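Protein sequences, first through last, are from chains A and B.
If you're matching positions, the first sequence starts at 1 in full-length UniProt numbering and goes up one per residue.
If you're matching positions, the second sequence starts at 1 in full-length UniProt numbering and goes up one per residue.
It is possible that some hints are incorrect.
Pulled from the structure, derived: some chain A residues nowhere near chain B, Cβ distances all over 12 angstroms [stated by the list, open to error]:
1) G18
2) A21
3) E27
4) T140
5) A195
6) A197
7) Q207
Stretch-level coverage of chain A by chain B, calculated; a stretch enters the list once three of its residues show a Cβ under 8 angstroms from a Cβ in chain B [to be verified]:
8) 80-87
9) 158-164
10) 210-216
These are computed hints drawn from the structure, not numbers from a lab.
It should be emphasised that the depicted structure is a prediction, and the values quoted were computed from it without experimental measurement.
Ideal Cβ positions, reconstructed from N, Cα and C, are used throughout, including at glycine.
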Amino acid sequence: MDGLPGLLLLADSRLPAGGHAHSGGAEEACRIGAISGPEDLARFLRGRLATAGRVAAALAWSACAAADAESAWRLLDAEADARIASPAQRLASRTQGRLLVRTAKRIWPSAALAALARAVPDGAHHPIALGVAAQAAGCTPHQAAMAAAYTSVTGAATAAVRLLGLDPVTVHRVLAELPYDSVIAEQHDWSALPAHAAPALDLLAEQHLRTEVRLFVS
Amino acid sequence: MSANHDDHHDAPDGHGRALRLGIGGPVGSGKTALTAALCRSLGPSLRLGVVTNDIYTTEDADFLRRAGVIDPDRIMAVQTGCCPHTAIRDDIAANIDAVETLEERFGPLDLVIVESGGDNLTATFSRGLADRQIFVLDVSGGDKVPRKGGPGVTSADLLVVNKTDLAPMVGADLTVMSRDAAAVREGKPVLFTSIREDRGAHSVAEWVAGIVESWRHQHSHSHL
Ligand SMILES: Nc1nc2c(ncn2[C@@H]2O[C@H](COP(=O)(O)OP(=O)(O)OP(=O)(O)O)[C@@H](O)[C@H]2O)c(=O)[nH]1
Ligand SMILES: [Mg+2]
């Protein structure tokens, strides 16, 4: 299938776009004891996928499907902003988006990524950046959404492995069993974008920013 | 490559930007002390920026801010997600972002120092992040450390062996360290320092001033 190499590169945790330093709330959840083993982690990841993952997938789909459209991306970026209640999470999302655009511009030089950088100079939200990077990498909107859904949980899973010393194979089995397809849907109209909130993730992100000793950016 | 046209920071040849100097080495060897010393010695003559890669806290950045050797706003701290190594070698995006933010805010700069989080002997900076790198050891790890090698010790542009004031106390033989370092480094420079005694690390500062000067010659805006 066309676009598969691009999807593999974008979903790979080794993509040098700064993702390794974000835990998606997992560091704080580990710190307060909300995640202490594989079962907690599996519940955390299912929740993340069903909320943040679903929204990210829809935004990435839409951003990828928009053809070189600065105004569409600006609009989608505002939609992303409106869907993230926590300022800490908004900041983390924009930081990751900015770093991803910078990296992707050098891997897949394209008018689309240059246009996105112009449309949202302070850094687009990560799912928007991912959608446009996926477009530049030759991916389909469905693949962009899959990359968004998948990366919405992999960072948190890896962080838990590092922080708690969990068995990495057990954690990968958890990742393999997550229902990625169920959060991906074709997007036609921005007014129909999903808006699943996760107040617990918002709170974790806010507390994390105020925790003195932390390894991860978010 | 019209996509990158407007983004001179992507220029791999380094035209029109500061020299990026990585300072790496094991935990506690004196990387922050050296960074502070360089700010002290070079601050009056060079436009500086500093990026720290703290592991748990913003300890190093806070120390440098308190030391009052550089405008606190010119120090940025990067978080490394359990892997100080990754942030300077495999995924340098956050460090590049910090360096470029400093250059955009305070530029033009002459020198941006990137201090890595304390790591082990295998840690080195990616060439995509650091134009030159210093590896800092201290004598208290024992005088056999240079002999053990590792990419930091063997290939850094400058090897600094710090805390020479402690050598008698830990029984480290500096001539052994010097001889072994020279052997594994094939002539690349090695400097011995005691930043406790020389708070400006003057020999290192002189070396850094030299590389900044030649960087400037090679990378001035000759095309303008
Ligand atoms: N005796 C002696 N102590 C030194 C010297 N240089 C630094 N120190 C001390 O060594 C300790 C560690 O120094 P730092 O500069 O924080 O070392 P670092 O390499 O930045 O440490 P990390 O960032 O934690 O890996 C501090 O207590 C310094 O005061 C020196 O030349 N002699
Ligand atoms: Mg330090």
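Consistency of the hints with the structure:
Under the 12 angstroms C-beta cut-off, the non-interface status given to G18 (chain A) relative to chain B is violated; the minimum distance is some 4 angstroms. Listed as a non-interface residue, A21 (chain A) fails to keep its Cβ farther than 12 angstroms from every Cβ of chain B; the least gap is roughly 4 angstroms. Distance check for E27 (chain A) against chain B: the nearest CB is about 9 angstroms away, which does not clear 12 angstroms, and the non-interface claim fails. Even its closest Cβ contact with chain B, about 21 angstroms, leaves T140 (chain A) beyond 12 angstroms, as expected for a residue assigned away from the interface.
Every Cβ of chain B is farther than 12 angstroms from the Cβ of A195 (chain A); the closest lies at roughly 29 angstroms, confirming the non-interface assignment. Separation of A197 (chain A) from chain B is adequate, the least Cβ-Cβ distance of about 26 angstroms exceeding the 12 angstroms criterion. Annotated as non-interface, Q207 (chain A) keeps its C-beta farther than 12 angstroms from every C-beta of chain B; the closest such distance is 16 angstroms. Counting residues of the region 80-87 of chain A whose C-beta sits closer than 8 angstroms to any C-beta of chain B gives 0, which falls short of three, so the coverage hint is violated.
Chain B is given as covering the region 158-164 of chain A, and this holds because 3 residues of the stretch bring a CB closer than 8 angstroms to a CB of that chain, at least three being needed. Requiring three or more residues with a Cβ within less than 8 angstroms of a Cβ of chain B, the coverage given for the region 210-216 of chain A holds, as 5 such residues are present.
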